[in-house]
Amino acid sequence: MALLEIEDLQKDFSGLKVIFGIDLRVEQGERHAIIGPNGAGKSTLFNLITGKYVPSRGKIVFKGHDITGFSPHRILHLGVARSFQITNIFRSMTIFENFRNAILSRRKMRNNLFSPLSRMGSIVEETERAISLVGLLEKRNERAGELAHGHQRAIEIGLTMAMEPELILLDEPTAGMSKGETMEMVQLIEKVTEGKTLIIVEHDMDVVFRLASRITVIYYGKVLASGPPEEIRRDPRVKDAYLGRERS
Amino acid sequence: MKNLLVRQVAIIVAILLLLGIAPHFLKVTQIRMLNEIAYFSLFAISFNLLFGYGGLLSFGHAAYFGLGAYTTAILLKRIAGMPLLLSIFLGGMAAAIGGAVVGFFCVRRKGGYFALLTLAFNQLIWAVAWKWRTVTGGDDGIGGFVPKSLGFGIATFDLTKTATMYYLTMTIAVVLLFLAWYLTKTPFGNTIWAVKVNQERAAFLGYDVNFSKHLIFTISSFFAGIAGSLFAVFQDFVATNVVNLLLSTEIILMTILGGTGSFFGPILGAAIFVYFSDWFSSLTDRWEFFMGALFIIVVLYFHQGAIGLIPKRLKSIFRN
Numbered sequence: 001m002a003l004l005e006i007e008d009l010q011k012d013f014s015g016l017k018v019i020f021g022i023d024l025r026v027e028q029g030e031r032h033a034i035i036g037p038n039g040a041g042k043s044t045l046f047n048l049i050t051g052k053y054v055p056s057r058g059k060i061v062f063k064g065h066d067i068t069g070f071s072p073h074r075i076l077h078l079g080v081a082r083s084f085q086i087t088n089i090f091r092s093m094t095i096f097e098n099f100r101n102a103i104l105s106r107r108k109m110r111n112n113l114f115s116p117l118s119r120m121g122s123i124v125e126e127t128e129r130a131i132s133l134v135g136l137l138e139k140r141n142e143r144a145g146e147l148a149h150g151h152q153r154a155i156e157i158g159l160t161m162a163m164e165p166e167l168i169l170l171d172e173p174t175a176g177m178s179k180g181e182t183m184e185m186v187q188l189i190e191k192v193t194e195g196k197t198l199i200i201v202e203h204d205m206d207v208v209f210r211l212a213s214r215i216t217v218i219y220y221g222k223v224l225a226s227g228p229p230e231e232i233r234r235d236p237r238v239k240d241a242y243l244g245r246e247r248s
Numbered sequence: 249m250k251n252l253l254v255r256q257v258a259i260i261v262a263i264l265l266l267l268g269i270a271p272h273f274l275k276v277t278q279i280r281m282l283n284e285i286a287y288f289s290l291f292a293i294s295f296n297l298l299f300g301y302g303g304l305l306s307f308g309h310a311a312y313f314g315l316g317a318y319t320t321a322i323l324l325k326r327i328a329g330m331p332l333l334l335s336i337f338l339g340g341m342a343a344a345i346g347g348a349v350v351g352f353f354c355v356r357r358k359g360g361y362f363a364l365l366t367l368a369f370n371q372l373i374w375a376v377a378w379k380w381r382t383v384t385g386g387d388d389g390i391g392g393f394v395p396k397s398l399g400f401g402i403a404t405f406d407l408t409k410t411a412t413m414y415y416l417t418m419t420i421a422v423v424l425l426f427l428a429w430y431l432t433k434t435p436f437g438n439t440i441w442a443v444k445v446n447q448e449r450a451a452f453l454g455y456d457v458n459f460s461k462h463l464i465f466t467i468s469s470f471f472a473g474i475a476g477s478l479f480a481v482f483q484d485f486v487a488t489n490v491v492n493l494l495l496s497t498e499i500i501l502m503t504i505l506g507g508t509g510s511f512f513g514p515i516l517g518a519a520i521f522v523y524f525s526d527w528f529s530s531l532t533d534r535w536e537f538f539m540g541a542l543f544i545i546v547v548l549y550f551h552q553g554a555i556g557l558i559p560k561r562l563k564s565i566f567r568n
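Top line first, the protein sequences correspond to chains A and B.
For the first sequence, counting from 1, position 12 maps to 12 in this note's numbering; every step adds exactly one.
Numbers given in this note's numbering equal positions in the second sequence, counted from 1, plus 248.
Hints were generated in silico from the structure; no laboratory data involved.
Since the structure is predicted, the reported quantities are computational estimates derived from the model, not experimental observations.
Every residue, glycine too, gets a C-beta built ideally from N, C-alpha and C.
What you were told as hints is all true, and nothing was included just to trick you.
Here are the simulated distance ranges between beta carbons:
1) Leu78(A) to Ile402(B): 53 to 59 Å
2) Val349(B) to Gly145(A): 34 to 40 Å
3) Tyr361(B) to Ser115(A): 33 to 39 Å
4) Leu252(B) to Gly145(A): 23 to 29 Å
5) Phe537(B) to Asn111(A): 44 to 50 Å
6) Lys239(A) to Ala348(B): 55 to 61 Å
7) Ala403(B) to Ser115(A): 31 to 37 Å
8) Asp8(A) to Tyr361(B): 34 to 40 Å
9) Ser71(A) to Tyr361(B): 17 to 23 Å
10) Arg381(B) to Val54(A): 45 to 51 Å
Quick list of in silico lysine-lysine cross-link-like pairs, DSSO-like style, CA-CA up to 30 Å:
11) Lys444(B) to Lys139(A)
12) Lys444(B) to Lys52(A)
13) Lys358(B) to Lys17(A)
14) Lys108(A) to Lys433(B)
Could you put the whole structure together from the sequences, leaning on the hints where they help?
In structure tokens:
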């Protein structure tokens, strides 16, 4: 059984159809890249899988559970965590507080009304471990919103990883980064997602071909092609729709 | 760290001692003023749990103050031998139930819609209080329900004395203020903050945003209800002004006057509000004008509220 199975997924926003029936299978341990031109529906697909939007039709099955139409927090606690294309962190909180939010949620202590937070030593330890995974421990008391873009992106990925998900969805993790920063981010992603199941939306083809073990091309809300990287690279339809245009 | 804790405890003990001996030095009118500050502090803190911590601006918080006040008044009036403390607790519970019902509808709406919905429910509850004369007395209100004395078996207290009433109100208010403060230090307090700072990210980190908002709405209503009950017991009279929109705006004013960014700000705001409205109204019968001017000045020029005027060094003692 695949870890994630999507069947005939469709989405329209009050009449405007964005996703026209997508089928997708993601196996355990796979590193699946989703590519396609702007407006192809990649982010919408992420938003459907993680519960931000409710599908108009179709089915999303994770680990055998039908999660179609579930709310984001339920999907998260089943083991699916995502990062955002536009950095979406707790800007007015420190790095430590950002990660502590993640740890408190993962440990299911978020509604604890009775014990003081300051007495929870194990939470502090776990929080610091999660921060050190993305290499920001020495900045733990700095406000997230005041950090450099690259560091904010690292928090974005780090928060997602701190949930220890079984399925990780990264939405354009290198968006807005220089070449150097991008390479650092790729190394970080390789390090933190090792051995885990990953779905990544990415525009940078170098990043895609380096990270992915399987690629799905989406074009105008439909799957154009899906297969191993070499196959996709050679596929003439993909060249026409996407790769070729990029070269010109 | 240790030193800081010692200083914090020392200051709190000093304040409690001052409040404890205050009735021996103050005039009756001044004791009554402190009493008013006590329940309005609790009301303002309850409002700030929602607004300052949760980012939820309610325009109808008097609804829960009023539910508490009416519940306590009606219980004491209708049921012979109703224990006073139980009636106050049930006042809080009634407000919490009211808050849970109203909150269910409100927390699913954002920003302005949330505010308008709380206002509409406030108006609805006010209309019930105004029109259901057989129970609430309508605009005649309910009076004369507080028992003459409060007995605990070994000791009996004379509630007709201003000082006794003061100790009763102050003790309950201080205990509940402590509980509210404690709440902000728990993981749930952190949850409320996280949802306020970034609701979407919180949801995608597994926080049930609507549930958290609903719970803080209900808890806040409980505290507001107890404040209302204390008001009812202190005044020994309840009418529709405990549940009207004027009171809902006054509590917003008090909270913002004091400062929403710190736990203690609203207490300062309640004190300023009670003191200045008393002072202005002794000078002129157009005192509301001056209160309005004061409020505008604070909103325009003192973004942190009155608490922002306290020197940083003094404030750092109270951090964390």
